[in-house]
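2 protein chains.
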Amino acid sequence: MQNFEFYNPVKIVFGKEQIKQLETLVPQRKKVMMLYGGGSIKSNGVYDQVVAALGGREVIEFSGIGANPQYDKMMEAIELAKKEDVEFLLAVGGGSVIDATKFVAASVHFEKDPWTILSERQRPSKVLPFGVVLTLPATGSEMNCFSVISKGDEKLGFGGDPRLFSKFSILDPEVTYSLNERQLGNGVVDAFVHVVEQYLTKPSNAPLQDRFAEGILQTLIEEGPKVIHVNEHYESRANVMWCATMALNGLIGSGIPHDWSTHMIGHELTGLFGIDHARTLAAVLPSVLRVQKENKREKLLQYARRVWNVQTPDADKSIEEAILLTEDFFNSMGLPTRLRVYKVEEKDIESIIKSLRNHIPVNLGENQDIDEAKVEEILRKAL
Amino acid sequence: MQNFEFYNPVKIVFGKEQIKQLETLVPQRKKVMMLYGGGSIKSNGVYDQVVAALGGREVIEFSGIGANPQYDKMMEAIELAKKEDVEFLLAVGGGSVIDATKFVAASVHFEKDPWTILSERQRPSKVLPFGVVLTLPATGSEMNCFSVISKGDEKLGFGGDPRLFSKFSILDPEVTYSLNERQLGNGVVDAFVHVVEQYLTKPSNAPLQDRFAEGILQTLIEEGPKVIHVNEHYESRANVMWCATMALNGLIGSGIPHDWSTHMIGHELTGLFGIDHARTLAAVLPSVLRVQKENKREKLLQYARRVWNVQTPDADKSIEEAILLTEDFFNSMGLPTRLRVYKVEEKDIESIIKSLRNHIPVNLGENQDIDEAKVEEILRKAL
Numbered sequence: 018m019q020n021f022e023f024y025n026p027v028k029i030v031f032g033k034e035q036i037k038q039l040e041t042l043v044p045q046r047k048k049v050m051m052l053y054g055g056g057s058i059k060s061n062g063v064y065d066q067v068v069a070a071l072g073g074r075e076v077i078e079f080s081g082i083g084a085n086p087q088y089d090k091m092m093e094a095i096e097l098a099k100k101e102d103v104e105f106l107l108a109v110g111g112g113s114v115i116d117a118t119k120f121v122a123a124s125v126h127f128e129k130d131p132w133t134i135l136s137e138r139q140r141p142s143k144v145l146p147f148g149v150v151l152t153l154p155a156t157g158s159e160m161n162c163f164s165v166i167s168k169g170d171e172k173l174g175f176g177g178d179p180r181l182f183s184k185f186s187i188l189d190p191e192v193t194y195s196l197n198e199r200q201l202g203n204g205v206v207d208a209f210v211h212v213v214e215q216y217l218t219k220p221s222n223a224p225l226q227d228r229f230a231e232g233i234l235q236t237l238i239e240e241g242p243k244v245i246h247v248n249e250h251y252e253s254r255a256n257v258m259w260c261a262t263m264a265l266n267g268l269i270g271s272g273i274p275h276d277w278s279t280h281m282i283g284h285e286l287t288g289l290f291g292i293d294h295a296r297t298l299a300a301v302l303p304s305v306l307r308v309q310k311e312n313k314r315e316k317l318l319q320y321a322r323r324v325w326n327v328q329t330p331d332a333d334k335s336i337e338e339a340i341l342l343t344e345d346f347f348n349s350m351g352l353p354t355r356l357r358v359y360k361v362e363e364k365d366i367e368s369i370i371k372s373l374r375n376h377i378p379v380n381l382g383e384n385q386d387i388d389e390a391k392v393e394e395i396l397r398k399a400l
Numbered sequence: 018m019q020n021f022e023f024y025n026p027v028k029i030v031f032g033k034e035q036i037k038q039l040e041t042l043v044p045q046r047k048k049v050m051m052l053y054g055g056g057s058i059k060s061n062g063v064y065d066q067v068v069a070a071l072g073g074r075e076v077i078e079f080s081g082i083g084a085n086p087q088y089d090k091m092m093e094a095i096e097l098a099k100k101e102d103v104e105f106l107l108a109v110g111g112g113s114v115i116d117a118t119k120f121v122a123a124s125v126h127f128e129k130d131p132w133t134i135l136s137e138r139q140r141p142s143k144v145l146p147f148g149v150v151l152t153l154p155a156t157g158s159e160m161n162c163f164s165v166i167s168k169g170d171e172k173l174g175f176g177g178d179p180r181l182f183s184k185f186s187i188l189d190p191e192v193t194y195s196l197n198e199r200q201l202g203n204g205v206v207d208a209f210v211h212v213v214e215q216y217l218t219k220p221s222n223a224p225l226q227d228r229f230a231e232g233i234l235q236t237l238i239e240e241g242p243k244v245i246h247v248n249e250h251y252e253s254r255a256n257v258m259w260c261a262t263m264a265l266n267g268l269i270g271s272g273i274p275h276d277w278s279t280h281m282i283g284h285e286l287t288g289l290f291g292i293d294h295a296r297t298l299a300a301v302l303p304s305v306l307r308v309q310k311e312n313k314r315e316k317l318l319q320y321a322r323r324v325w326n327v328q329t330p331d332a333d334k335s336i337e338e339a340i341l342l343t344e345d346f347f348n349s350m351g352l353p354t355r356l357r358v359y360k361v362e363e364k365d366i367e368s369i370i371k372s373l374r375n376h377i378p379v380n381l382g383e384n385q386d387i388d389e390a391k392v393e394e395i396l397r398k399a400l
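So the protein lines, in turn, are chains A and B.
Count along the first sequence from 1, add 17, and you get the number used in this note's numbering.
Count along the second sequence from 1, add 17, and you get the number used in this note's numbering.
Among the hints, erroneous ones may be present.
Since the list gives no way to pick one copy over another, a pair counts as held whenever it fits inside one copy or between any two copies.
Keeping only pairs whose Cα atoms sit at most 25 Å apart, straight-line, the calculated DSS-like set for lysine-lysine is [as the list claims (entries may be wrong)]:
| id | residue 1 | residue 2 |
| --- | --- | --- |
| 1 | Lys334 | Lys371 |
| 2 | Lys243 | Lys316 |
| 3 | Lys59 | Lys48 |
| 4 | Lys219 | Lys243 |
| 5 | Lys59 | Lys129 |
| 6 | Lys219 | Lys33 |
| 7 | Lys33 | Lys398 |
| 8 | Lys143 | Lys100 |
| 9 | Lys28 | Lys143 |
| 10 | Lys143 | Lys90 |
| 11 | Lys48 | Lys100 |
| 12 | Lys143 | Lys37 |
| 13 | Lys371 | Lys243 |
| 14 | Lys48 | Lys310 |
| 15 | Lys28 | Lys184 |
| 16 | Lys219 | Lys360 |
| 17 | Lys143 | Lys184 |
| 18 | Lys99 | Lys398 |
| 19 | Lys219 | Lys37 |
| 20 | Lys90 | Lys28 |
| 21 | Lys37 | Lys316 |
| 22 | Lys398 | Lys371 |
| 23 | Lys243 | Lys310 |
Hint data in this document are derived by calculation from the structure and do not stem from the laboratory.
When you get a sec, could you build the whole thing from the sequences and use the hints?
The structure is reproduced here in structure tokens:
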């Protein structure tokens, strides 16, 4: 096991009818800015619950935050928060709204151009406190201190600053009843790939981290289909929601190497072609596993055996079988595993690699051995 | 899954040569009181590492804290901390030293008799901040906000107050090299039983919590023997240390029912007969599982299958096989599973029950169905 630090002070408030806890969780005498997305919270009752729980506070609203929150849109939120002297932010939404809120929190009192927080990893001297009401289990942003913001076709991450942890995150599984199949499927696969990026690397003598990761994967495999196919099934919604949070809150990744090459390549595909984040992961991951088969051999065999119960005596067949089962799982969640579905073709590979190099000028993967040639191979196999 | 809150702000600093991080973790200009046990930290080098890292600070020491820290001894520490205007506490030790430190932290600025914190669950208005250097993986006190203090033959717990979380806990697996077999075995079994008390209850549709619990148990079963039999084996020490912390930090118990009857009965055995805490658990748990077999039937079968790989078609045989394997494991860690080893006899049962009733005037267990008659049956089977 590698040396590590683990620190996660987010207070999780989980369960039915917990949005009303905002009444005590949000500071009483602070001016609040509530950030949300396209308005679905108005039709599913979440907005009303939040407003009722905040009763008596001065609250301003900022809405219209879309998937892959855009820098220009966030600058509007930052201007409004400055003008109104906002003291506390409340994100009501999924990963995009939470990521956007983190960027606003970091930028409101930042003296320089907020763009430099993303482009130069500048660290603001003050970060506004914020809370979260989660409406879409997927990204884990509700319990980590990372964020991804887009500007045109660029997706740039920032974080690692403990001030970017939310003060609290309310996880009420019932609010997910109004999500559609695409949102639910994307969420399950997003969480699944978050785990795989931390788990499927090289053996590192961390059996507890392995088992925690395997536990999340097995639970997503079991509960994912119920989430998609059974309406208002509280238990599966609760289990998937908790899995998605645990998938990326620092715990399972403590003391072990990480990969993240699927995410890095996926971000380019979202930036250039507008493909949903989780859909880029579903298409890229199987190809990464095939191309990196030798590096990841031991962990892939463990994954085949423990997660998919594949007991084939031939190691290569076991690995391919596990990757095929992974693809079947993504497909069953409604996510294609081929880029051609999105009209990404061989001729696009060069521009994807160029854009990737632009954003990340180093090799990818747990061994930093995924160079341009390997990225090309991964993309070709994913077409 | 039940509704739950999860909040754990302890910063874990894990790995080789991490004690030196005290230099930045302990506040610079605060007067520090360092609390420790019988002096083993002076022979194994931990004391020197701590003192070196605290260099430049005003530090007073309080030593001699034994197993099952005694109230009277703690009152001495509280008096000293008051007299010296101590502002930060540093526990250097195992669960007893950490529990003792929590009691001092809660009592120094408490206006009333500190005994009422234990006897009446009084809540102090101010709690001193403290940090931890862990030397014995076992109790999980380094990452939870609970504590157990003894007064004569009484063991009383307090906690649940987030101010009783340490600000940081340094977990260096190398400091465990100097522990003896008894301490190591006790630690492994203590952590194991912490998990079982949260896991082996009734099905509650929380598959991720189940798998996390099973992951800790499986890892302790694999790594425990290496800790006992292989000298200075870093990886197994690291894995057991991380397991013990994760066993009782709130995570695996979120959203599910708990038992804790083994602990409650065990505390009486420590109080009345001076038996090591973990040794009481090793003797009582198998008996609790046998007596509560019908209540725990479904989870016991899952435990047999998933943790011990017992596949007997007969359910009762599977359960008994799993309990026997549990006993074998405790024995292999050097812990007896019979009370007669400690000269506890049938004639003592009445006084044990009387003392238990005195401290906990309600039924025990996840269904609150362990009454006096059942406690008697449990003790009789454990003789």
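The hints, checked one at a time:
In the homo-oligomer, the alpha carbons of lysine 334 and lysine 371 never lie at most 25 Å apart, since the shortest distance is 34 Å inside one protomer and 63 Å across protomers. Taking identical chains as interchangeable, the C-alpha atoms of lysine 243 and lysine 316 lie at most 25 Å apart only when they sit on different chains, with a minimum of 22 Å there against 28 Å within one chain. In this homomeric assembly, lysine 59 and lysine 48 come within 25 Å of each other (Cα to Cα) only inside a single copy, at 22 Å, whereas the closest approach across copies is 54 Å. Taking the shortest Cα distances, lysine 219 and lysine 243 sit within 25 Å of each other only across copies (22 Å), while inside one copy they are farther apart (32 Å).
Taking identical chains as interchangeable, the C-alpha atoms of lysine 59 and lysine 129 are never at most 25 Å apart, the minima being 35 Å within one chain and 51 Å between chains. In the homo-oligomer, the alpha carbons of lysine 219 and lysine 33 lie at most 25 Å apart only across protomers (21 Å), although the nearest pairing inside one protomer, at 39 Å, exceeds that limit. For a Cα distance limit of 25 Å, the shortest separation of lysine 33 from lysine 398 qualifies neither inside one copy, at 44 Å, nor across copies, at 42 Å. In the homo-oligomer, the alpha carbons of lysine 143 and lysine 100 lie at most 25 Å apart inside one protomer (17 Å), although the nearest pairing across protomers, at 38 Å, exceeds that limit.
Taking CA atoms no more than 25 Å apart as the test, lysine 28 paired with lysine 143 passes in both settings, with 21 Å inside one copy and 21 Å between copies. When the C-alpha separation of lysine 143 and lysine 90 is checked against a cutoff of 25 Å, the pair qualifies only within one copy, where the shortest distance is 21 Å, while the shortest distance between copies is 44 Å. Proximity of lysine 48 and lysine 100 under a CA criterion of 25 Å is satisfied intra-copy only: 12 Å inside one chain copy versus 43 Å between copies. When the C-alpha separation of lysine 143 and lysine 37 is checked against a cutoff of 25 Å, the pair qualifies neither within a copy, at 29 Å, nor between copies, at 29 Å.
Taking the shortest alpha-carbon separations for lysine 371 and lysine 243, neither the intra-copy value of 40 Å nor the inter-copy value of 50 Å comes in at or below 25 Å. For the identical chains of this complex, lysine 48 and lysine 310 are neighbours neither inside a copy (53 Å) nor across copies (55 Å), given an alpha-carbon limit of 25 Å. In this homomeric assembly, lysine 28 and lysine 184 come within 25 Å of each other (Cα to Cα) both inside a single copy, at 6 Å, and across copies, at 16 Å. Taking the shortest Cα distances, lysine 219 and lysine 360 never come within 25 Å of each other, neither inside one copy (34 Å) nor across copies (50 Å).
In this homomeric assembly, lysine 143 and lysine 184 come within 25 Å of each other (Cα to Cα) both inside a single copy, at 15 Å, and across copies, at 22 Å. When the C-alpha separation of lysine 99 and lysine 398 is checked against a cutoff of 25 Å, the pair qualifies neither within a copy, at 48 Å, nor between copies, at 69 Å. Proximity of lysine 219 to lysine 37 under the C-alpha cut-off of 25 Å is found in neither arrangement, the shortest distances being 44 Å within a copy and 29 Å between copies. Within a single copy, lysine 90 and lysine 28 get their C-alpha atoms no closer than 29 Å, and across copies no closer than 35 Å, so neither meets the 25 Å cut-off.
Taking the closest pair of Cα atoms, lysine 37 and lysine 316 never come within 25 Å of each other, the shortest separation being 44 Å inside a single copy and 34 Å across copies. With identical chains, the CA atoms of lysine 398 and lysine 371 are at most 25 Å apart within one copy only, with a shortest distance of 18 Å there and 71 Å across copies. For the homomeric pair lysine 243 and lysine 310, neither the shortest alpha-carbon distance inside one copy (31 Å) nor that between copies (31 Å) is at most 25 Å.
The structure shown violates the earlier hints numbered 1, 5, 7, 12, 13, 14, 16, 18, 19, 20, 21, 23.
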